[in-house]
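Chains A and B, in that order, are what the protein sequence lines are.
Under our numbering, the first residue of the first sequence carries the number 8, and numbering increases by one thereafter.
Under our numbering, the first residue of the second sequence carries the number 21, and numbering increases by one thereafter.
Bear in mind the hints are in silico, worked out from the structure with no lab data behind them.
Heads up, some of the hints might be wrong.
[Claimed, not checked] Under the rule of at most 20 Å between Cα atoms (straight-line distance), these lysine to any residue pairs were calculated in the SDA-like manner:
1. Lys50/B / Val77/A
2. Lys212/A / Arg45/B
3. Lys26/B / Pro146/B
4. Lys278/B / Arg45/B
5. Lys212/A / Val77/A
6. Lys218/A / Ile175/B
7. Lys212/A / Arg64/B
8. Lys215/A / Lys26/B
[What the hints assert, rightly or not] Reference listing, derived: stretches of chain A covered by chain B, where coverage requires no fewer than 3 residues with Cβ under 8 Å from a Cβ of chain B:
9. 113-119
10. 124-130
11. 149-160
[What the hints assert, rightly or not] The following residues of chain A were derived to be distant from chain B, with all beta-carbon distances above 10 Å:
12. Leu81
13. Ser88
14. Thr108
15. Lys139
16. Asp181
17. Ala199
18. Phe226
19. Asn241
Every residue gets a Cβ at the ideal spot worked out from N, C-alpha and C, and that includes glycine.
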Amino acid sequence: MSELNINSKVQEMLERSEQNAKNSEKTFVRPEDEVREVVAPDGSIIKINPLYDYFSGERPKEEKPKNAIVEKFLNWARSESIWVLGFGTGCGSIEIPPLVTPRYDMFRFGVQMRPTPRQSNAFIISGYLSVKTLKRVIRSYEQMPSPKYVIALGSCTINGGMYYDSYSTINRLDKYIPVDVYIAGCMPRPEALLAGFGKLKELIKEGKAEKANEYARNFDEYKANQKKIIKDWNMPDYNW
Amino acid sequence: MNIYVKIAYTFLGLMIVLNWGMLMRVTFRKIGARMAGRHGVPFRQPWIDLIKNIAVRTTLTHGVMFYLGPVFRFSGAVGLFLFMPILFGKEAWMNFSFEGDLVLILYFQLFGMLGMALGAGEGGQPHSAIGISRGLAQHAAVELPMTMGIIALAIQYQTLSISEIVAAQQGGFLHWSFFTNPVASAAIMLSALGAFGYSPFNLVKAPNEIPIGPPTEYHGTYLGVLMTSGNILGVMETILFMNLVFGGATNWFELIIKSFLIYFYAVFVGMVFPRFRIEQSVAWFFKIPLLLGFIAILMYSF
Numbered sequence: 008m009s010e011l012n013i014n015s016k017v018q019e020m021l022e023r024s025e026q027n028a029k030n031s032e033k034t035f036v037r038p039e040d041e042v043r044e045v046v047a048p049d050g051s052i053i054k055i056n057p058l059y060d061y062f063s064g065e066r067p068k069e070e071k072p073k074n075a076i077v078e079k080f081l082n083w084a085r086s087e088s089i090w091v092l093g094f095g096t097g098c099g100s101i102e103i104p105p106l107v108t109p110r111y112d113m114f115r116f117g118v119q120m121r122p123t124p125r126q127s128n129a130f131i132i133s134g135y136l137s138v139k140t141l142k143r144v145i146r147s148y149e150q151m152p153s154p155k156y157v158i159a160l161g162s163c164t165i166n167g168g169m170y171y172d173s174y175s176t177i178n179r180l181d182k183y184i185p186v187d188v189y190i191a192g193c194m195p196r197p198e199a200l201l202a203g204f205g206k207l208k209e210l211i212k213e214g215k216a217e218k219a220n221e222y223a224r225n226f227d228e229y230k231a232n233q234k235k236i237i238k239d240w241n242m243p244d245y246n247w
Numbered sequence: 021m022n023i024y025v026k027i028a029y030t031f032l033g034l035m036i037v038l039n040w041g042m043l044m045r046v047t048f049r050k051i052g053a054r055m056a057g058r059h060g061v062p063f064r065q066p067w068i069d070l071i072k073n074i075a076v077r078t079t080l081t082h083g084v085m086f087y088l089g090p091v092f093r094f095s096g097a098v099g100l101f102l103f104m105p106i107l108f109g110k111e112a113w114m115n116f117s118f119e120g121d122l123v124l125i126l127y128f129q130l131f132g133m134l135g136m137a138l139g140a141g142e143g144g145q146p147h148s149a150i151g152i153s154r155g156l157a158q159h160a161a162v163e164l165p166m167t168m169g170i171i172a173l174a175i176q177y178q179t180l181s182i183s184e185i186v187a188a189q190q191g192g193f194l195h196w197s198f199f200t201n202p203v204a205s206a207a208i209m210l211s212a213l214g215a216f217g218y219s220p221f222n223l224v225k226a227p228n229e230i231p232i233g234p235p236t237e238y239h240g241t242y243l244g245v246l247m248t249s250g251n252i253l254g255v256m257e258t259i260l261f262m263n264l265v266f267g268g269a270t271n272w273f274e275l276i277i278k279s280f281l282i283y284f285y286a287v288f289v290g291m292v293f294p295r296f297r298i299e300q301s302v303a304w305f306f307k308i309p310l311l312l313g314f315i316a317i318l319m320y321s322f
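All chains should be modelled from the sequences, with the hints used to inform the complete structure.
Quick look at the structure:
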């Protein structure tokens, strides 16, 4: 393609995008994330959709446990090695640091903190969850590999707690992501968190902590709930 | 020795080294926890973590290099094992050591790191890229004084074979390079701190820095492979320094004591000193260890 052709093509695309900007309704997709055509270094024109190029738009799949005996052994290993995603979502996150101190010492139960969702399998939602944080929570939750578990800490996650009528927080967490263990209280003490980990371990050992599959099964329902509350949805439906 | 017997011994040795590495690391985690007044993780934790990571159901990929990153790292660790004489004088545990294996060992130290850099780079996570640039910068700074110290030893013993270097150090602890060539030994052991990656020099992979480093995007089985190779690498590094500086080992008991103490040296420094930023650690390696390396080479050149 000659230089002249590229220039005219670029000019045409620019005009079209300006026109689109004038005509289209207000969307929450940032201009750099819009579907558009770009000129590649070799002169060819390619169509890109940044949202789906950056993330995968694939739906989650149910990954059923296979052999009962093997799964029992693996569940034992999973329960003895719980890696928690270190992401302070609400005021309850101040109750998590004491767990690594000599007084509570969660390491002796095989519970460890991981800094990235890819490597962790338990997600602590620590207290109230603002709508803005919910979006990040969903993204982090979907990036965690299955089997994954959610621990909801504090009464705010059950019924909104003292923020029950707040305009900016959600009331019930399990409408948006599936929850394995609730730890009630405002705020629960670190001992309660340790008891919650104990309960989660029991559930995993019994093979009842399969909420990641439940999320995949009822995906449309969860997505509808999430989209009802998150107005600026500028991400794919399932981003991992 | 029959090649099949040799291969069987190699697998056995690899298993011993892997399990010893895991046990050693968890012991040091326990020691660190006791220093902080905690009980720390149970002794079985690394094995359970490994099983758990292999049992993760979701595995996703970012491309071919993303698969190959952990494979390269693992091959680096296994290569280090294959060409390193583990026990001196025992034919079964000399592995595939040959004349000039020192050069190959130095290469294998870097090999896993480069493979990891390529793989993590394809992950596309910005934290990985930051971790890689930090890791390679620090690794370059570590390699230079260490290689100078090792070349000084090679000049001293007039050989590039690790088993001959070990053989030259037999006959009492005063024959160890640590006493016969203290300057080169100091250069090697100071840069060894960077090779082990404990506290002053652990910015690359520390979980509580903003990026966890190159493995940010690795999960499940990938992470299992990385953990396995990390444990093998840890032991093999200690065995390398043991062979070069502390007279090698003639039986498993001696190997376990010496490798534990060498690893303990790195952990001890880590417990005492806080973490360096990357430019501080690079500057540190380019000062005293590099100077010692220069002096060590000059001493044997004239």
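Status of each hint after checking the structure:
{"no.": "1", "hint": "Lys50/B / Val77/A", "in the structure": "violated, 30 Å"}
{"no.": "2", "hint": "Lys212/A / Arg45/B", "in the structure": "violated, 27 Å"}
{"no.": "3", "hint": "Lys26/B / Pro146/B", "in the structure": "violated, 44 Å"}
{"no.": "4", "hint": "Lys278/B / Arg45/B", "in the structure": "holds, 15 Å"}
{"no.": "5", "hint": "Lys212/A / Val77/A", "in the structure": "holds, 12 Å"}
{"no.": "6", "hint": "Lys218/A / Ile175/B", "in the structure": "violated, 63 Å"}
{"no.": "7", "hint": "Lys212/A / Arg64/B", "in the structure": "holds, 18 Å"}
{"no.": "8", "hint": "Lys215/A / Lys26/B", "in the structure": "violated, 47 Å"}
{"no.": "9", "hint": "113-119", "in the structure": "holds (count 4)"}
{"no.": "10", "hint": "124-130", "in the structure": "holds (count 3)"}
{"no.": "11", "hint": "149-160", "in the structure": "holds (count 3)"}
{"no.": "12", "hint": "Leu81", "in the structure": "violated, 4 Å"}
{"no.": "13", "hint": "Ser88", "in the structure": "violated, 4 Å"}
{"no.": "14", "hint": "Thr108", "in the structure": "violated, 8 Å"}
{"no.": "15", "hint": "Lys139", "in the structure": "holds, 21 Å"}
{"no.": "16", "hint": "Asp181", "in the structure": "holds, 21 Å"}
{"no.": "17", "hint": "Ala199", "in the structure": "holds, 20 Å"}
{"no.": "18", "hint": "Phe226", "in the structure": "holds, 15 Å"}
{"no.": "19", "hint": "Asn241", "in the structure": "holds, 19 Å"}
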